[in-house]
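Participant: Build out the structure end to end from the sequences listed, making use of the hints.
Same order as they appear, the protein sequences are chains H and P.
FYI, the numbering for the first sequence is 1 to 228, going by the numbering used here.
FYI, the numbering for the second sequence is 229 to 484, going by the numbering used here.
Bear in mind the hints are in silico, worked out from the structure with no lab data behind them.
There may be inaccurate statements among the hints.
Unchecked claim - Simulated crosslink set (DMTMM-like; lysine to aspartate or glutamate; CA at most 25 angstroms straight-line):
no., chain 1, residue 1, chain 2, residue 2
1, H, 224, P, 435
2, H, 182, P, 435
3, P, 480, H, 120
4, H, 182, P, 323
5, P, 428, H, 193
6, H, 177, P, 484
7, H, 177, P, 483
8, P, 480, H, 67
Stated by the list, open to error - Just some of the chain H residues that point at chain P, by a computed CB distance under 8 angstroms:
no., residue
9, 105
10, 106
11, 162
Think of the CB as a built atom: it goes at the ideal place given N, C-alpha and C, for glycine as much as any other residue.
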Amino acid sequence: MFISQNFEMDSFSQNPEFTIHSFFTFLDTTIMAVEFEGGVVIGADSRTTTGAYIANRVTDKLTPIHERIFCCRSGSAADTQAIADAVTYQLGFHSIELDEAPLVQTAASLFREMCYRYREELMAGIIVAGWDPRRGGQVYTVPVGGMMTRQPVSVGGSGSSYIYGYVDSNYRAGMSKEECLKFTAEALTLAMERDGSSGGVVRLAVISEQGVERQVILGNQLPKFSTV
Amino acid sequence: MRLANTSVAVSDERAHTAQSLSGDAYATFIHDLYVEFLIMDSHHSYSQVKGVSTGTTILAVKFNGGVIIGSDSRASMGESYVSSKTINKLIQVHDRIFCCIAGSLADAQAVTKMAKFQLSFHSIQMESPPLVKAAASIMRELCYNNKEELQAGFITAGWDRKKGPQIYVVSLGGMLLSQPYTIGGSGSTYIYGYVDAKFKPDMSLEEATQFSTNALALAMGRDNVSGGVVHLVVITEAEVKHVVVPGNKLPKFHDE
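Facilitator: As structure tokens, this is what we get:
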């Protein structure tokens, strides 16, 4: 037997009829993080969409959680902002108690705890990356559902499907910082070319013992490929 | 703002319970259904193919003097059963014209059989080998006129005397497009970045073979409904060569 209904995202508590806007407003981005000797390089596109409208074309999806720990957010903007705020608070408290810089794994675990516990309500794919004195540069991925795993290179968001092949073939262990930056910028550009929900500028950040260096690559400065 | 109706299939008991609810209880019921639907839907791929489909990766690329058309060899039913490990998705419709199929196997076989027949008839009437564009146009007519019933897309590639090597894509609704290289099937999503970055016009045969093998291997590595061996067909003026690259000879990448 079929039940037909119209679904609507807002004000569903008052209104028994619902309207689904679109399943495809979730996971609307491309994010990436790569480990190298001495730190990590993280990158993201800069587009936030609500349906077909680009709500923000210069979004910053690289959110600081602690001095040398960042997270790349994909999925529902509201959910990821709320989670990142909560984890920033918890990690700050933990770091004061410990009286030293927190581990990247701790930050990733906090994300995982929250994403797994509230997995039914949340739609968040997060990549946690940073540097700590104990283990150097690390990348942990916490996709939708709440799994956590460490990977040398990780991509996420809707645009990531298009660059799995490129990342698999071009990643090598032991790349330098400049090579990682070039690799990340190229991969993000390729994803932005093909994914309608990704675009704008490429935001990059390098996290290492020295601190955090951020850069932006504008549209006309993006790497070009010979697509005819 | 409302979109079109969404229908969700539920069991009879559940539907029966729903009928006795009202007001807030009904709202909660619908909300729970919606959340379930969301979670269920997030596990599915976004391809629209139903029934037995090839769940595949196909590609075609033009090089200096010919075309290479290639595919994996897996046929799947749903996402968990491999109904064939060694299917050949490269179908010869004429001496120098090949087709590869993505989507419903049944639809694809029906269309290619029809196209093969019409093409051989056309070529006899014209008293010369058919143009690749003619083959692609026949597929397009069939796909466009039967777009409601069919769920298959095609890549037609070959060589003819008039324009040399060509590649045509006939998509699901019946659009015809000529391209220097093209990819298709469920596994193609994962290699868009790779082919965009690596394709160069006027490659040599060796470069093009390496390009196709790498692209298919990468897609097979990430897509669970593509796999098996790599089938490549190299079409030039002189000959048609079928190359099979078995699983253990495929290129390996950093995490393998």
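Participant: Taking the earlier hints as the rules, which of them does this structure contradict?
Facilitator: Violated hints: 3, 4, 8, 9, 10; rest satisfied.
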